[in-house]
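A.B. asks: Chain by chain, the residues run as shown.
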Amino acid sequence: MQIYLPIAEMSVNVFLLLGMGGGVGFLSGLFGVGGGFLMTPLLIFIGIPPAVAVGTEANQIVAASVSGVLAHWRRGNVDFKMGLVLLLGGLAGSTLGVILFSFLRGVGQIDLVISLCYVVFLGIIGALMLFESARTIRRRKTAPGQRRKLHQHNWVHGLPLKMRFRRSKLYISALMPLGIGFLVGVLAAIMGVGGGFVMVPAMIYLLGMPTAVVIGTSLFQIIFVTANVTFLQAYFNQTVDVVLALMLLSGAVIGAQFGARAGAKLHGEELRGLLALMVLAVCGKLFFDLLVTPSEIYSIGVVR
Amino acid sequence: MTRRRPVRRAVRYPVTGITLLGLVTACLLAPAGSARANSLVADLSRHLVAITTGFVGTDVLLFGATDDAGDVVVIVRGPDRPVVVHRKSRVLGVWANTAKVTFDRAPSFYAIASSRPLAEVAPVTVLARHQMGLDNLRLELSWLKASPNVARQWRAGLIRNFEAVGLYRAEVGRVLFLGNRLFRAGIHLPANVPTGTYQVKVFHLQGGRVVSAQTTPLQVSKIGAEAEVYDFAYQNSAMYGLIAILVALMAGWAAHMAFRKA
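Chains as they are written, first to last, in our numbering: chain A, 693 to 996; chain B, 4 to 265.
The hints are simulated quantities; they were obtained by calculation from the structure and are not laboratory data. Among these hints, one or two may not hold up.
Unchecked claim - According to the in silico footprint, chain A covers these stretches of chain B (three or more CB under 8 Å from chain A):
(1) 78-90
(2) 106-120
(3) 130-140
(4) 160-166
Even for Gly, the Cβ is constructed at its ideal location relative to N, Cα and C.
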């Protein structure tokens, strides 16, 4: 059964879209990630124009983040003050990202930049996670670890404009979350992701936030950043396909339920190791595609 | 010269539906100058292809008659558009677009059908003049500095890309004759056809010369919900963006409620 996507201007099998939504939804439920970093490359792989894939995925992540944040909010795991500061940076960053996106698309470099961003960030994050989970699993098997400090003091704490974030138990400069929000915003707009996979490690390791509030706070600001990206992509580039977003969403909602149930049966550290392997696999595939000699060196571009 | 023949024919035969149709066609074609003589009548099974939700591509039947033996060639062209082509080369080990050219106008769709292999139908000069076959498609580079050899490579690159997505067809389709006069040809439009007004050109050839030609328009449009979503996205982009966000917010909330109950 085929469905015609009005903005992507092509027919795609309904069950393929539902299946992709379900599969990525399952993984996102299992690992507690947004799944944008898997879905956007998949969409491009089945032939959706990269610009439409990125714009539409932003729209889908809005929905995924809303359902996620509501669950965390009920448990009181959202630091709204921190979320707002991150969000201010994120709105500025994602706006710049969309402008950058339009520019790169016009000069024919957007595909390359998307791929390079994926290779670099997935590579770094995947390697870090794999290393971290391997270390933890090994430590758990040998000896009980010594008690960790709440967080380390470093150069971050010397920056001006200090603010108190009660729920995160932090007294740090607002410049740091603003900067992180900005950078992740740029990435979100260009890569068609929520940016959780960069935001979460940054919040834990750079800001020193307690793990419990990290996911909820990250999801909270992702809603608004991806909503901003959705609006700007729709306004400037007309690349948001609502029909495609709804199809992916329907599959993802169901997949996430099964994923979350399966995730409850696995250890946190093993989960993180598996996620790291998956992230590295996507990274490796994209990197390989950049290196290998393409079968066709000519391609059709966008007329400005 | 253009008008004389059908008039004579009308005198020779009793006035039947067919001759009337011939007269009408001649009158319609003469001002457009597309027909040299009215030895050809052709029409499509439909003049509108509607792209709706379940659109998976479609076939349109072209049928017609010639008043003499000969060959028939049919060319289907989508609306001309400027096309940008990029070329990749290796930069620091990675393949990146490093050069681009713009073709001022290239058909967004091209397919051809013929009653016999093109080479047997007409000499190369005639095929080239009427752009019969992908090899004879006129694609002008706005970038005049290119040497003919380089220009050919860019042109071939463009054609390969359009072929890969099924919008240009290299193989020549068949025009089937039923007896000596009646002919038909199937035109296949794939699921990804661009919208716009297509030109279906029918040529009647005798002894390697085009003795008659006719152009019939074929409209390809999005119809129904698809068209409305598309038009809304382009004409009311801000509102479209807001609605997209609202839909996502509601979907997320609905998913949360469903999830909580389960």
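A.B. asks: Within the assertion that chain A covers the stretch 106-120 of chain B, do at least three residues meet a Cβ-to-Cβ distance smaller than 8 Å?
C.D. replies: violated (count 0)
A.B. asks: Please verify the coverage claim for the stretch 130-140 of chain B: does it have three or more residues whose C-beta sits within 8 Å of some C-beta in chain A?
C.D. replies: Three-residue rule not met by the stretch 130-140 of chain B, so violated; n is 0.
A.B. asks: For the stretch 78-90 of chain B, do three or more residues have a beta carbon lying closer than 8 Å to a beta carbon of chain A?
C.D. replies: holds (count 7)
A.B. asks: Cut-off 8 Å, C-beta pairs, minimum 3 residues; does the coverage of the stretch 160-166 of chain B by chain A stand?
C.D. replies: As far as the stretch 160-166 of chain B goes, the hint holds, because 5 residues have Cβ atoms under 8 Å from chain A.
Violated hints, listed in ascending order, are 2 and 3; each of the other numbered hints is respected by the structure.
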